[in-house]
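K.L.:
Take the given structure of chain A and dock chain B with the ligand to it, following the hints.
If you read the sequences in order, they're chains A and B. Residues 1 to 455 in full-length UniProt numbering are what the first sequence spells out, letter by letter. Residues 1 to 484 in full-length UniProt numbering are what the second sequence spells out, letter by letter.
Be a bit skeptical, because a hint or two may be false.
Stated by the list, open to error - Taking lysine-lysine and the DSBU-like style, the derived pairs with C-alpha atoms no more than 35 Å apart in a straight line are:
#: 1; chain 1: A; residue 1: Lys68; chain 2: B; residue 2: Lys479
#: 2; chain 1: B; residue 1: Lys255; chain 2: A; residue 2: Lys230
#: 3; chain 1: A; residue 1: Lys230; chain 2: B; residue 2: Lys291
#: 4; chain 1: B; residue 1: Lys302; chain 2: B; residue 2: Lys242
#: 5; chain 1: B; residue 1: Lys479; chain 2: B; residue 2: Lys414
#: 6; chain 1: A; residue 1: Lys170; chain 2: B; residue 2: Lys388
Unchecked claim - One side of the interface only, derived from the structure: several residues of chain A facing chain B at Cβ under 10 Å:
#: 7; residue: Glu144
#: 8; residue: Val148
#: 9; residue: Val152
#: 10; residue: Arg159
#: 11; residue: Gln160
#: 12; residue: Gly363
In case anyone wonders, no lab produced these hints; they're calculated from the structure. In this text, a Cβ means the ideal position worked out from N, Cα and C, and glycines have one as well.
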Amino acid sequence: MAFDFKFPDVGEGIHEGELVEWLVKEGDVVKADQAIANVETDKAVVEIPCPKAGTVLKLHAKVGDTIKVGEVLVTIGSAGEKYAGPAAAPAVTPPAAQAKAPTATVSKAQPTAPSSMARGGTPAVPGAPKVAAYSADASAAAFEPMQVPSQVLAMPHTRQLARELGVDIKRVPGTGPAGRITDEDVKRFAGGGGSVSPQAGAAAAGGMALPAFEKASWLATGEEERVALKGLRKKIAENMSRSNWMVPTAVQFDEVDVSELVEAREKEKARAERQGVKLTYLAFIAKAVAHALKEFPYVNASLDEGKQEIVLKKYYNVGIAVDTPDGLMVPVVKDADQKSILEIAKEISEKAALARERKIALGDLRGGTFTITNIGSVGGIGGIAVVNYPEVAILALGTIRKLPRVVEDRILLRHVMNVSLSFDHRVVDGALAARFVNEVKKHLEDPYAMLLEVI
Amino acid sequence: MVMGELAEQFDVAVLGAGPGGYVAAIRAAQLGKHVVVIDPAGIQGLGGVCLHAGCIPSKAIIYASTVASTLENAMALGFDVGKGCGKGAVDLKKLQEWKNNVVRKLDTGIAGLFTQLGVETITGKAFFQSSNRVGIEGEKASIHAVEFKKCIIATGGSPISLPGLAFDGSTVLSSAEALDLDFAPEEFVVVGGGYIGVELGTAFQRFGSRVTLIEFGERILPGLDPDLVAVVEQRIRAAGVKIVTKAKATGVEKKGKKLVVQVETANGKLEVSADKVLVAVGRKTDARALKLENTRVQLDEKGLIKVDAQGRTTDSSIFAVGDITPGPALAHKAYRQGKVAAEALAGLKSAFDNRCVPLVVFSSPELAVAGLGEAEARQKGRSVVVGKFPYSASGRALSVNRSEGFVKVVGDAKTHELLGVSIVGVQASNLISEASLAIECGALLEDVAHTIHPHPTLSEMIAEACEDALGECTHLPFKKGGKK
Ligand SMILES: Cc1cc2nc3c(=O)[nH]c(=O)nc-3n(C[C@H](O)[C@H](O)[C@H](O)COP(=O)(O)OP(=O)(O)OC[C@H]3O[C@@H](n4cnc5c(N)ncnc54)[C@H](O)[C@@H]3O)c2cc1C
Chain A
1 MAFDFKFPDV GEGIHEGELV EWLVKEGDVV KADQAIANVE TDKAVVEIPC PKAGTVLKLH
61 AKVGDTIKVG EVLVTIGSAG EKYAGPAAAP AVTPPAAQAK APTATVSKAQ PTAPSSMARG
121 GTPAVPGAPK VAAYSADASA AAFEPMQVPS QVLAMPHTRQ LARELGVDIK RVPGTGPAGR
181 ITDEDVKRFA GGGGSVSPQA GAAAAGGMAL PAFEKASWLA TGEEERVALK GLRKKIAENM
241 SRSNWMVPTA VQFDEVDVSE LVEAREKEKA RAERQGVKLT YLAFIAKAVA HALKEFPYVN
301 ASLDEGKQEI VLKKYYNVGI AVDTPDGLMV PVVKDADQKS ILEIAKEISE KAALARERKI
361 ALGDLRGGTF TITNIGSVGG IGGIAVVNYP EVAILALGTI RKLPRVVEDR ILLRHVMNVS
421 LSFDHRVVDG ALAARFVNEV KKHLEDPYAM LLEVI
Chain B
1 MVMGELAEQF DVAVLGAGPG GYVAAIRAAQ LGKHVVVIDP AGIQGLGGVC LHAGCIPSKA
61 IIYASTVAST LENAMALGFD VGKGCGKGAV DLKKLQEWKN NVVRKLDTGI AGLFTQLGVE
121 TITGKAFFQS SNRVGIEGEK ASIHAVEFKK CIIATGGSPI SLPGLAFDGS TVLSSAEALD
181 LDFAPEEFVV VGGGYIGVEL GTAFQRFGSR VTLIEFGERI LPGLDPDLVA VVEQRIRAAG
241 VKIVTKAKAT GVEKKGKKLV VQVETANGKL EVSADKVLVA VGRKTDARAL KLENTRVQLD
301 EKGLIKVDAQ GRTTDSSIFA VGDITPGPAL AHKAYRQGKV AAEALAGLKS AFDNRCVPLV
361 VFSSPELAVA GLGEAEARQK GRSVVVGKFP YSASGRALSV NRSEGFVKVV GDAKTHELLG
421 VSIVGVQASN LISEASLAIE CGALLEDVAH TIHPHPTLSE MIAEACEDAL GECTHLPFKK
481 GGKK
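Chain A with its partners taken away, still in its complex shape (with noise of 0.2 Å):
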């Protein structure tokens, strides 16, 4: 019997993603845990294995789409068997179907009395307007219907509430007086606590939901392409746009002075290459900052809005950002606190190659506590980099540059870089910043102290 093999939760919040390549037509044979789809996800591309062996029977989707969690990809049955339509009406409801049958069960269950009285009071209505759907909306399927009356104990504001925080308050667990939800309950949701179901999680997790904004509207007056906002872009401006929305940011300024950092990679680069590792001086940043993040736990944390706790965190997981074809990614050296500045530099260029080749693992794009962005090594001397929430902090690199400093009296010619720290200044106060890029500065200032682990 031909069996609907639905897009799998592929895990961590992810719900949909889109079509990049099928690996198999109709018609061919296929063997259980074989590849027969590329999906990129907001996060990276990752391979579809199937479930079951059999004959591909049906593709659902075309390259390009975007398949939610749930929707049916492929159907598979046996050699010579034709595809037959959709099998079983559960097996291939869509999941916003799922979701919207309650919906419509509930306000037939309920055509409460005044609804059914107003609209007309005698039954069968002879001259009434029959069905109508003209054309098919691809928005149809994340229609959701206005429900008269609404079923949510609330009260207004906190409806709201809900609303501006991007929260859908029929999942928000009611703590009130019967189960009433109270705005408490939907701040605490917004930030993550509370008991949140799988779905939720993904917009629970990250905290608050953008506000609607009234779209931008212009007069073109030349040509102009339109590029549609998805995939890895979509989710670099999602996150982005609340980070600014969320976090109160300042930023704190400084230089550096490399001269012996710059000396010292030069004397260990030769001997970190034959054991194949090219030393960057990102790697001994990500190093000093993992130092100084164990000293200043304020600045290796999170805030959670709903729980109004600070979380400190007692691991250092360094993302580093990379610059993909695609756009920003942000792979993360776990524990960064625990590694060689060697095996440092090997884990960022490897996984910055995977990165770039949209291969790498969802797993390595999570779980950081803290961001550097080397924008330097593209140009510049300088940034302000975005904080990269829910962190609290991001450093920015400038360009290593050759300039004249006064050093005890004298003007030398040194190696200088600049660097920013933007942070979340509900976490981090100013004088807390600077004291943290001091100690930043302290390592790389002395860069042997870290190269022989003696910190």
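P.N.:
Relative to the frame of chain A, chain B with the ligand by itself:
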């Protein structure tokens, strides 16, 4: 009218100037939008059906008719009211002038708000040419096409006519025409026992007509709690209205100066003599006339426009509000939807997510419902407690000499969440809002019961009914098992 014709550009085009449309227009203009409202009656149509052929004129007429019962009351209290309130006591021509004045005052009021906010109006019927453009038909239309960024459809509905009883404007009337009658027909047959039929039927009985109400269902006001309806039914029967239920009007014939309405009942055919016939069997919408095939707007199985909680249709640039969308066809629902849609298109995060759309029947006595009725609540599988408080136990009700009716509250037996309040009795329309607020806010029976209600007022009855549900009512005999 061709596609290429010059069109005027607006941020927002609102189709229909009824409660949904004009409120949306005002709110969108308050939010800085350049708004046009298109309605076949143009500036004179501001307020739509509600103001010109619905809520307002019908309530004016009903109010006038209640003056008759006030006079009756006055006589009972010992006043000499001269000619009294019998047949011919009222000059309906004068009454119509007064009613039309009321309507005019209100629509010029809306026009004033439009002027202040720079909302423009076009007289004509709109239809879609695309998702961003409507054409406009009508001799008085100043322009024949409008392009918009967003559109709000608020074209409402119209009365349903019955086979064999087509509206002819002179003998078989719709509610709109009945509201304009400047005399009381001697014999008046009202087909349809819904709220419009009951309201107008009762009013004309008071003006001196002999009214027969013909209802298809088992009871008048079908869909409403039979407990409450019984009070209304008893009172209007007492006023002299004949009620025929389980009956279907199938045709009308002229016989001399009179009309004869054919009625099929369970016990065979019936002929009812009449001077005028009012057909009030509900209202229909005609979304197709808007040429929605030129957009991506979809209709539901009832032919209503599918909208989400913000009023957005399946076409992202088009919103719809009011009677043309699902839900109860009531002006206050249209108001809220109109406001929400205007805010949503301006980027605000508003939603029509109300827990309660109250319903009022301006019968005599009035009947009002907020939230769930007892039967509905049970149907939904809730275990319920019910509390009741009769008008006859209210000092205030007695002191205004109107003791029929009661307040009934339904709460969740376990959580005490207030699920619904129904009121039948004098002033029910003005009493129900407290219940709406309480339900909207998710109040418990205790919240209402423990709120101080001023004495002596009718509103005390709502608190007392909640107390009754909690088994702690002061002014009713203590029930066994009640809370001590
Ligand atoms: C007798 C009667 C009594 C009522 N009493 C009450 C009451 O007491 N309380 C209550 O809440 N409700 C009452 N109603 C219902 C109430 O009138 C409606 O719910 C309300 O008017 C709906 O508002 P709306 O904005 O959807 O549309 P409407 O008020 O129906 O207005 C729609 C407008 O759109 C115009 N239009 C139609 N087609 C087009 C087009 N193609 N282009 C442009 N314009 C168009 C129409 O001419 C009309 O002016 C009553 C109705 C009737 C008939």
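K.L.:
Each hint: holds or not?
P.N.:
Hint by hint, here is what the structure shows:
As the CA atoms of A/Lys68 and B/Lys479 are separated by approximately 57 Å, the hinted pair breaks the 35 Å bound. For the given pair, B/Lys255 sits about 73 Å from A/Lys230 by alpha-carbon distance, which is inconsistent with the 35 Å threshold. At roughly 33 Å between alpha-carbon atoms, A/Lys230 and B/Lys291 fall within 35 Å of each other, so this suggested pair holds. Proximity of B/Lys302 to B/Lys242 is assessed by CA-CA distance (about 33 Å); at most 35 Å being required, the pair is judged to hold.
At most 35 Å may separate the alpha-carbon atoms for a hinted pair to count; B/Lys479 and B/Lys414 meet this at roughly 19 Å. The straight-line distance between the Cα atoms of A/Lys170 and B/Lys388 is roughly 32 Å, inside the 35 Å bound, and the hint therefore holds. Annotation: A/Glu144 was flagged as interfacial toward chain B, and the flag holds, the nearest CB pair being 5 Å apart, inside 10 Å. Interface restraint check for A/Val148: the shortest CB-CB distance to chain B comes to about 4 Å, inside 10 Å, so the restraint holds.
Given hint, A/Val152 at the interface with chain B, holds; its Cβ is 7 Å from that chain's nearest Cβ, closer than 10 Å. A least Cβ separation of about 5 Å between A/Arg159 and chain B falls short of the 10 Å threshold, and the interface hint therefore holds. Given the 10 Å rule on beta carbons, the hint for A/Gln160 holds: about 7 Å separates it from the nearest Cβ of chain B. About 34 Å separates the beta-carbon of A/Gly363 from the nearest beta-carbon of chain B, more than 10 Å, and the hint is not met.
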